[in-house]
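S.K.: Sequence:
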Amino acid sequence: MESAEKVTVAYFFTIARKSIPFAFLSMAIDRMRSRKFTGISFSKLLGTGTGKTFTPSDADLTRWGMVVVVDQNRLADFDSSSIVTNWRKRSTSEFRAVLSPLSSHGLWAKTNPFDFTSALSTPDAQIAAITRARIKWHQNFRFWGAVPPVVTDLHNSPGLITAIGIGEAPIGLQGTFSLWKSAAALRDFAYKGQAHQVAIKQTEEIGWYSEELFARFEVLELRGEISATRAK
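Quick note on numbering: the sequence shown equals residues 1 to 232 in the numbering used here.
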């Protein structure tokens, strides 16, 4: 029996401050519920940051997210499940990106959930990137000190649509979700940006991470809003 085709889905919900207690409770409850949902092979509930510094000071308690790998034929069922609709009822805005992995290197919680890579089907497609790292505790402050030049390069990248911080915890487990106009735009930032190249070299020399992952995706579908960017 052939396995079902999978997609990666990223949700981000903006909520009112009065709903913050709901968000904290759902982070625990939905983690267990999503694992039991038929068709899901990977799920992470996420806090977010504004993307200004990608440090704990960035934490945004009014925006929360989830990244899910789900059988494509179960996507509609998951989208209408109480896991999603409970957030939807309390959100002032919702963003959803349906993604197809192009490449994925490294591990997230000791697994590579995006290893079902596919060829880029649309040459001019928008690209999403997810990074995630488990920072060694004794390296946190040194890591945060190295971030500002990379953030400046990132936000000055002409092909960037938007970027936010993501994480399963405000300290130690950190990452980014970004949208790009094209694969070439992301490559230019990753391999031509001077600050990013310095950061890559420091990562190799210092060993900030005990676990890291970088994944690129073709954007299949965007719905809603993220940050100040309108999905098109």
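It is worth saying that the hints were derived from the structure and are not from the lab. Source: prediction; values computed, not measured. Where is the CB? At the ideal position from N, CA and C, for every residue including glycine. Please note: incorrect hints may appear among the correct ones.
Restricting the straight-line Cα-Cα distance to at most 30 Å, the calculated cross-link-like pairs of lysine-lysine (DSSO-like) are [claimed, not checked]:
| no. | residue 1 | residue 2 |
| --- | --- | --- |
| 1 | 110 | 18 |
| 2 | 136 | 89 |
| 3 | 136 | 52 |
| 4 | 181 | 192 |
| 5 | 52 | 192 |
| 6 | 36 | 89 |
| 7 | 18 | 36 |
| 8 | 52 | 89 |
| 9 | 18 | 89 |
| 10 | 52 | 110 |
| 11 | 181 | 52 |
| 12 | 52 | 18 |
| 13 | 89 | 110 |
Distance ranges between label pairs, derived from CB positions [unchecked claim]:
| no. | residue 1 | residue 2 | range |
| --- | --- | --- | --- |
| 14 | 29 | 111 | 33 to 41 Å |
| 15 | 117 | 57 | 17 to 25 Å |
| 16 | 59 | 36 | 23 to 31 Å |
| 17 | 158 | 73 | 35 to 43 Å |
S.K.: Confirm or reject each hint.
M.R.: Do the hints match the structure? See the list:
{"no.": "1", "hint": "110 <-> 18", "result": "violated (35 Å)"}
{"no.": "2", "hint": "136 <-> 89", "result": "violated (37 Å)"}
{"no.": "3", "hint": "136 <-> 52", "result": "holds (22 Å)"}
{"no.": "4", "hint": "181 <-> 192", "result": "holds (17 Å)"}
{"no.": "5", "hint": "52 <-> 192", "result": "holds (21 Å)"}
{"no.": "6", "hint": "36 <-> 89", "result": "holds (22 Å)"}
{"no.": "7", "hint": "18 <-> 36", "result": "holds (29 Å)"}
{"no.": "8", "hint": "52 <-> 89", "result": "holds (28 Å)"}
{"no.": "9", "hint": "18 <-> 89", "result": "holds (13 Å)"}
{"no.": "10", "hint": "52 <-> 110", "result": "holds (29 Å)"}
{"no.": "11", "hint": "181 <-> 52", "result": "holds (20 Å)"}
{"no.": "12", "hint": "52 <-> 18", "result": "holds (24 Å)"}
{"no.": "13", "hint": "89 <-> 110", "result": "violated (33 Å)"}
{"no.": "14", "hint": "29 <-> 111: 33 to 41 Å", "result": "violated (22 Å)"}
{"no.": "15", "hint": "117 <-> 57: 17 to 25 Å", "result": "violated (35 Å)"}
{"no.": "16", "hint": "59 <-> 36: 23 to 31 Å", "result": "holds (29 Å)"}
{"no.": "17", "hint": "158 <-> 73: 35 to 43 Å", "result": "holds (38 Å)"}
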